[in-house]
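Undergrad: Chain A is fixed; fit chain B onto it per the hints.
There are 2 protein chains.
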Amino acid sequence: MTEIKIVKNVLEANESIAAQNQEILDEHGVFAINIMASPGAGKTSLILQTLANLRNKLRIGIIEGDFASRVDTDKVKSYVEVAIQINTKGAPESCSLIAAMIENSLKDLPLDDINLLLIENVGNLLCPAEFTLGEHKRVVISSSPEGDDKPIKYPLIFSDADAVIINKLDLVPYVDFNITKFRQSIEGLNPAVKIFEVSCKTGAGIAGWCSWLLQEIENNAIQRTKLAGK
Amino acid sequence: MTEIKIVKNVLEANESIAAQNQEILDEHGVFAINIMASPGAGKTSLILQTLANLRNKLRIGIIEGDFASRVDTDKVKSYVEVAIQINTKGAPESCSLIAAMIENSLKDLPLDDINLLLIENVGNLLCPAEFTLGEHKRVVISSSPEGDDKPIKYPLIFSDADAVIINKLDLVPYVDFNITKFRQSIEGLNPAVKIFEVSCKTGAGIAGWCSWLLQEIENNAIQRTKLAGK
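The listed protein sequences correspond, in order, to chains A and B.
Using the working numbering, read the first sequence as starting at 1 and increasing by one per residue.
Using the working numbering, read the second sequence as starting at 1 and increasing by one per residue.
Just so you know, the hints here were simulated from the structure itself, not pulled from any lab data.
There may be inaccurate statements among the hints.
27 angstroms max Cα-Cα, derived DSS-like pairs, lysine-lysine [stated by the list, open to error]: (1) A:Lys137 <-> A:Lys181; (2) B:Lys194 <-> A:Lys89; (3) B:Lys89 <-> A:Lys181; (4) A:Lys181 <-> B:Lys77; (5) A:Lys77 <-> B:Lys181; (6) B:Lys75 <-> A:Lys181; (7) B:Lys194 <-> B:Lys57; (8) B:Lys201 <-> A:Lys181; (9) A:Lys137 <-> B:Lys89; (10) B:Lys137 <-> B:Lys107; (11) B:Lys75 <-> B:Lys107; (12) B:Lys89 <-> B:Lys137; (13) A:Lys194 <-> B:Lys89; (14) A:Lys201 <-> A:Lys137; (15) B:Lys181 <-> A:Lys201; (16) B:Lys137 <-> B:Lys226; (17) B:Lys8 <-> A:Lys89; (18) A:Lys89 <-> B:Lys89; (19) B:Lys75 <-> B:Lys137; (20) B:Lys8 <-> A:Lys8; (21) B:Lys107 <-> B:Lys89.
Taking CB as the label site, the calculated pair distances span [said to hold, decoys possible]: (22) B:Asn219 <-> A:Ala19: 51 to 57 angstroms; (23) A:Lys181 <-> B:Asp108: 29 to 35 angstroms; (24) B:Ile24 <-> A:Val10: 29 to 35 angstroms.
Computed from a prediction, not measured in an experiment: that's the story for all the values here.
Backbone N, C-alpha and C fix where the C-beta goes; we use that ideal spot for every residue, glycine too.
Looking at chain A on its own, in the form it has when it is part of the complex:
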């Protein structure tokens, strides 16, 4: 049973660092989202579409998490104020970003110069569900070629999400993916979740996602002002 206790302690320590991270972000007026998905579901494509839509309205920073390589950072770096690459290879928790990695990155980010931080997690539907980072919202992308049974097989990550993005709508005609069944599975786990149907390839549905994100940033700013006034 020692092993289980160790795992529990690791998760508790992570929660505590995540709470500190969120405090630092709030002090500097930075709204952070944690973007999680299977490998190849479209995390970087969603980020690129989000940048194209919001970079004139917001000052955006990015943390790119990957087991290895800086492929994604190279794709996004010219569209943002700042981009940081984290490679988890060799870390005790190599299958996910963890709060301590974000804590380190926050020291290198010009927090007063940005108001949105997009964190792209490692491609994985399991480990990232267990480690919060200090983000304000948790977003899961699921793409149509992966099949409509993913919420049943990976319930934890979907239960905990604030938003789920169904990506690769353009491939729906060519794959076995029942959108109604998928939505029902998610809503069964997580009735409050917001669901967006998009194609990061064609841009369909991106405007709705970006409106929601802007609204959440505004709600968060109002809430912080209220708390500060108390």
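TA: Just chain B now, with coordinates in the frame of chain A:
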């Protein structure tokens, strides 16, 4: 540094149980393969195609690994001698099958009645790379919609594979996937790997994969007979 030591011990203990598992499999003349991939890359579809091609030639057992649900076992159970579901939810290592889980399952499998054991791992390109199970061959499936950069981002699992299967060939016209670039990335990491291009939807390329598998089973049987004669 204590934490790293614990991880190392867990992996060493796993290797030792995996070696015992392979001995048990060899004693009973069962050839085992460990099938790994991202969520939704086509592990169950490859298994269904393999069963359709080989069930008249071999007696096949299956271990289905998933974090939650028995969706995949329900899909395959009528085509095999025996199917066992392992759900990793709640286990200290919930992001992969580990050798101890297979050790337990081997007690429930009628090993003298089967000669091929297909092990479908949890959908994940990270954790399963670290835990061997006692399998004779390690197979990684990567599907075209995931993109051609997966070997660069998840090098460990591709470096260690005996075979890589490029699935969803039927979707290549609709996605950004450069087969030559993908093959070169894998061969750079793992020059000895065998690569198959298939579509589990249309059946294209499945015959080549099944021929290789039959040949590997035969090679293993010959080798075991030779070792036993020494």
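Undergrad: Taking the hints in turn, state whether each one holds.
TA: These are the hints, each one checked on the structure:
no.: 1; hint: A:Lys137 <-> A:Lys181; in the structure: holds, 25 angstroms
no.: 2; hint: B:Lys194 <-> A:Lys89; in the structure: holds, 25 angstroms
no.: 3; hint: B:Lys89 <-> A:Lys181; in the structure: holds, 23 angstroms
no.: 4; hint: A:Lys181 <-> B:Lys77; in the structure: holds, 23 angstroms
no.: 5; hint: A:Lys77 <-> B:Lys181; in the structure: holds, 23 angstroms
no.: 6; hint: B:Lys75 <-> A:Lys181; in the structure: holds, 17 angstroms
no.: 7; hint: B:Lys194 <-> B:Lys57; in the structure: holds, 23 angstroms
no.: 8; hint: B:Lys201 <-> A:Lys181; in the structure: holds, 21 angstroms
no.: 9; hint: A:Lys137 <-> B:Lys89; in the structure: holds, 24 angstroms
no.: 10; hint: B:Lys137 <-> B:Lys107; in the structure: holds, 21 angstroms
no.: 11; hint: B:Lys75 <-> B:Lys107; in the structure: holds, 23 angstroms
no.: 12; hint: B:Lys89 <-> B:Lys137; in the structure: holds, 26 angstroms
no.: 13; hint: A:Lys194 <-> B:Lys89; in the structure: holds, 25 angstroms
no.: 14; hint: A:Lys201 <-> A:Lys137; in the structure: holds, 24 angstroms
no.: 15; hint: B:Lys181 <-> A:Lys201; in the structure: holds, 21 angstroms
no.: 16; hint: B:Lys137 <-> B:Lys226; in the structure: holds, 19 angstroms
no.: 17; hint: B:Lys8 <-> A:Lys89; in the structure: holds, 14 angstroms
no.: 18; hint: A:Lys89 <-> B:Lys89; in the structure: holds, 24 angstroms
no.: 19; hint: B:Lys75 <-> B:Lys137; in the structure: holds, 23 angstroms
no.: 20; hint: B:Lys8 <-> A:Lys8; in the structure: holds, 18 angstroms
no.: 21; hint: B:Lys107 <-> B:Lys89; in the structure: holds, 21 angstroms
no.: 22; hint: B:Asn219 <-> A:Ala19: 51 to 57 angstroms; in the structure: holds, 56 angstroms
no.: 23; hint: A:Lys181 <-> B:Asp108: 29 to 35 angstroms; in the structure: holds, 32 angstroms
no.: 24; hint: B:Ile24 <-> A:Val10: 29 to 35 angstroms; in the structure: holds, 33 angstroms
Hint compliance for this structure: every hint is met.
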